[in-house]
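Here are the chains, one letter per residue:
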Amino acid sequence: MVNLTIDDRQLRVEEESTVLQAARQLGIDIPTLCYHEAIEPYMACRVCIVEVTDERGRKLAPSCGYPVQEGMVVRTDTEEVLEARKVIVELLLARAPGVEKLKELADQLGVGRPRFKPDKDDERCILCGLCVRACQEIVGVSAINFLNRGPDRVVTTPFDMPSDVCIACGACVQVCPTGAITLDGADTLIHSELDLGPPKAIHVPFAQAVPNAPVIDALSCIHAKTGNCKVCDKFCEPGAINHDMEDESEEIEVGSIILATGFEPFDCSPLLQYGYGRMPNVITGLEFEMMSNAGGPTGGKILLEDGKPPTSVGILHCIGSRDENYNEYCSRVCCMYALKFAHLVREKTHGDVYEFYIDMRAFGKGYEEFYKRCLREDVIFIRGKGAEVTDVWETPDERGKLVIVCEDTLLGEVRRIGVDMVILATGLVPRKDAVDVGRLFSVSRSKDGFFLELHPKLAPISTASEGVFLAGTCQGPKDIPDSVAQGAAAAGAALSLSGAGVIYLEPIASVIDDKVCGGCKICISVCPYGAITFDDEKKVSVVTEVLCKGCGSCASGCPSGAARATHFADEQIFAEIDGALTEVT
Amino acid sequence: MADGFQPRIVGFLCRWCSYLGADLAGTGRLQYPPNVVPIRVMCSGRVDPSFVLQALADGADGVLIAGCHPGDCHYQVGNYRAVARYNLLMRMLEQFGIEKERVRLEWVSAAEGEKFASVVSDMTEQVRRLGPLNWAAVKQTVPAE
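Chains as they are written, first to last, in this note's numbering: chain G, 1 to 585; chain V, 1 to 145.
The shape of chain G in the complex, shown without the other chains:
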C-alpha cells in the first residue's frame, strides 16, 4: 500500500493505482476524455492534468496514467492546473467545435470563445485514440488505427477501406467521448419512437423480468465472438459473471407433457392496403402495447413518429382475422384489446379515437360493461371494416393525415376519416413450428393450424396422444382468463395421472401364437416400435407387450395368421364386416 496526499487529504491506495484512481476514491472530480476504466491509460487528451509533487520535484502531469508513489502530494485545483486545463480544452474545442461534452467542459472552466479558428466545422474526433485502444485491447481485432501524421492524422480502417476484421460490435462507438463514430446499418423499427436501438450484449431481458438478472447475448457479446473483452468482469464487484456457461441439453423423464407453446401475432406486412411498413404512424397492436407500457421506449407516452402526441387515432379491427383471404376464424382477443387501446388513448392524449369494427365481440365477464364505458368516453365506433389507409389527401382537411377509407354499414356510405395514427388490431395465428411440434408429440392440428383437442366440448385439454395436454393459445385463440383456466385444467389432468401412481394401458396389443408362427420375420420388419423380437431357440417371433402400441401392422402383414391384434383380430373384423353388410329388415 502507498500513502499519499491529495488536496490536503491523506489516503492509502493499492500500489498499482494511478493518481486518477486515488483521487476518485476520495470523490474528487477530475474530468477525463481519453480514459476508460477497462482500458490502459494513454494520456492523450491531457484534460485530467494535476499538479504532482514527489521526490523528483513539482510538475503538471496527466493523472490518468501517473502512478502513485509513497509520500506524493497531489493538488487538483490550483490556479496553474485550472489554467492549463482551460488551454487544453480550448485547443480541443477549436479542433472539434460541435462536441457537447467539450462545450460543457469549456463552460465549467470559463473558456469562452476559442481564440483559434477550426479547420473543419463538422470535426468531432479529438484523436484521443480511445477507440483504437478499445478495438485492440478489448475486442482484440484492431480494425481501426491512426492513419497519416501531423495535421492529416485521422482514425480509420486500414487504407480507409471497409474492414474485413471489424465485427461491428460497436465498442468504438460506445467508448468514443465525443460521439465521433457511428455504427451504420443498425436495425431500426419503422416508427422511430419505438426504436429501442440495438440491444447491448449484456442486458436485463425486459422490465420486470423474472429472475430480474441481466443476461449475456452470445450473438452480440464480444467475448463470445473473439474470446477477448471480459470488460464486464472488471465492473462486476461480486464476480457474478460466468463466461464459460454454454447451452446444455438435458433429458428429463416425465409422465405427461403439457403443450403451451402459444401463438404468433399475424404478420400484417402482406396487407399493403393498410400501409404498414410504408407509413411510420401505422403500427400494430403489439407495437402500441410496447409504446403504452410505462417501461417501454417512450415511457408510456403515446407519440407519433415526430415525437408529438396524436390528436386522433384510428383502430382497425379484424386484421388477418375473419378474413377469408387470411384466416377465417375470429381471434377473440382483438375487440377487447382494441377497446383497451381506445380507453388508453383517450386517457393519455384526450385525442379522438375511431374504432372500425365488423361486429363488437365483447363476450366475457365484465367485457360488455367495458364496451359501454368506452362508448361513454366518447370513443367513436364505426361499423365497417377499414378498407384502406392512405396518405393521399382529397380535401385540405386531410392534408398531412392518414386517411382511413371504409364503408360505414350503418350509414350505408363510404367514409374517409383523417387521423394521425392508425393501430392495426392484428389477430392471432399458430406458431410457424406448430407442424413440427405437432408431429413430435403426435398431436394433430385443426383446419386453422392450431393444435386439435380430443373433443371440442368433452375433452378440450386432452389430445389423441395419451398424456399430452394442451393449454392456452396453442390450441386456439383465447384471452388471458381462458388461458389461465385451461392451463390450470391441464396441470390438474397431468397431476391426476401422476397422483394415481399407476398407468392403465389400453389392453390393445398384438400377440403371436408360437404354435402357428413360421418365423418369416415379416412382422419384425413392419413393426414401427421394435416391439417384436425373434426367439432364436424356438424360431418364432415374440411380442414385447409393453413396447407394443397395438397398431396391428404385424397382424395384417402376417402370412400365416399367427400375429393377432387383440380386440381387432381378423375374425372380429370379419364379424363386423358381416354385421355391417347384413340387410336389416
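These are calculated hints, taken from the structure and not from any lab test.
Just so you know, even glycine gets a beta-carbon here, dropped at the ideal spot from N, CA and C.
There is no bait here: all hints are sound.
Part of the chain G face toward chain V, derived, beta carbon under 7 Å:
id : residue
1  : Ser444
2  : Ala464
3  : Cys551
4  : Ser553
5  : Phe574
Knowing the structure of chain G, use the given hints to seat chain V on it.
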C-alpha cells in the same frame, strides 16, 4: 344404372385421424350419404387386404380405407404400410376384373370433418354410377379350381 340403387360401402377408418374426422363430421352436423358403414381399426396399416376382399365377397359394393395424412401417422409409418398393401391389392382387383374405383384409399385427418363428408359423398356417387358389384361376372374370370 338402377335408379334408387343404394350402394353399400364398408369404411375402414383409422382410430386416430379418420374416425375422429368422421366424428367431427357428425358433431358438425354435416349432411352426407349414409352408405358408408364405418369399421374402426387402430391404424390404416391394420387393414389386411383380405378384409377388403371379404367385404366385397360379403356383398359390399365398395370399400373405403381412410388413414392419417402421410407423416402424421400415430404409429409413425402405419399409413405407408397401408399404401404398399393398397397398391398390391389394386393389381389383384384388376386381375379379378373388379373396377378399381370401388376401393379407395384416402387421407382424412381428425380435423377434416368436411373432407370426410365430401369423400363419402363423392365415393357413394361414384359407386352408385358403377352399380352393384357383379360377382357373377367376376367369378367367370377367376379360373375354377
